[in-house]
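K.L.:
Spelled out, the chains give:
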Amino acid sequence: MTKSELIERIAARLDQLPVRDVELAVKVLLDTMSNVLAAGERIEIRGFGSFSLHYRAPRTGRNPKTGDTVKLAGKYVPHFKPGKELRDRVNQSMQMEEMVDY
Amino acid sequence: MAEALTKAGLAEKLYEELGFNKREAKEVVEYFFEEIRTALEHNEQVKLSGFGNFDLRDKSQRPGRNPKTGEEIPISARRVVTFKPGQKLKARVEEDAGTDE
Numbered sequence: 000m001t002k003s004e005l006i007e008r009i010a011a012r013l014d015q016l017p018v019r020d021v022e023l024a025v026k027v028l029l030d031t032m033s034n035v036l037a038a039g040e041r042i043e044i045r046g047f048g049s050f051s052l053h054y055r056a057p058r059t060g061r062n063p064k065t066g067d068t069v070k071l072a073g074k075y076v077p078h079f080k081p082g083k084e085l086r087d088r089v090n091q092s093m094q095m096e097e098m099v100d101y
Numbered sequence: 000m001a002e003a004l005t006k007a008g009l010a011e012k013l014y015e016e017l018g019f020n021k022r023e024a025k026e027v028v029e030y031f032f033e034e035i036r037t038a039l040e041h042n043e044q045v046k047l048s049g050f051g052n053f054d055l056r057d058k059s060q061r062p063g064r065n066p067k068t069g070e071e072i073p074i075s076a077r078r079v080v081t082f083k084p085g086q087k088l089k090a091r092v093e094e095d096a097g098t099d100e
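Protein chains in written order, with numbering that gives the first Met the number 0: chain V, 0 to 101; chain H, 0 to 100.
Derived by calculation from the structure, the hints in this document are not laboratory data. Backbone N, C-alpha and C fix where the C-beta goes; we use that ideal spot for every residue, glycine too. Keep in mind that the hints are not guaranteed to be accurate.
[To be verified] With a cut-off of at most 25 Å between alpha-carbon atoms, the simulated SDA-like pairs for lysine to any residue come out as follows: (1) Lys12/H - Tyr30/H; (2) Lys6/H - Ser3/V; (3) Lys87/H - Met95/V.
[Claimed, not checked] Reference listing, derived: stretches of chain H covered by chain V, where coverage requires no fewer than 3 residues with Cβ under 8 Å from a Cβ of chain V: (4) 9 to 23; (5) 26 to 32; (6) 39 to 45; (7) 56 to 70; (8) 73 to 80; (9) 86 to 93.
Only chain V is shown next, with the shape it has when bound in the complex (with noise of 0.2 Å):
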């Protein structure tokens, strides 16, 4: 499912809402969520999972092409840890397709 697929899935949900509205809103939920990234702050998601930043230490990489080594600084990744209700449902829908299968 691509942005453009998750717009139209929304607004066939709600049809008071036009779909230029949805994409406008989906538009300023992921900036939105960027940002708080961004600022080093988390976000939570009851049923959906968290969002946070994890570390990287320093390291000394190695350029492919002519094998220098070149130091890394440290930095933060984004980092998503599924909620209860999403790992349940995901996991399930995979023992439903065994029991279809055998």
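Once you've looked at the hints, dock chain H against the given chain V.
P.N.:
Just chain H, lined up with the frame of chain V:
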């Protein structure tokens, strides 16, 4: 550190920035996450350009251990969700995060 952003905070943004009424704002936020969950539940990858991708991975059964008792218990086969941040989000977090803490 500021409080975490929640669904209420996201709905507030839709109200402030787009003038959605509170009910509309709440519903859009709810369906935004619900449609992502539904896609993942149907083993469908979710690609949100600029933000990141939610991928699915099937893990086979592996040996595990009860950390309290040391007893061996197999960890059953399962499907898990992983998130791969997009270039844009990664770059923004790398540049800004932690610089003003």
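K.L.:
Quick one: which hint numbers does this structure break? Sort them smallest to largest.
P.N.:
3 and 7
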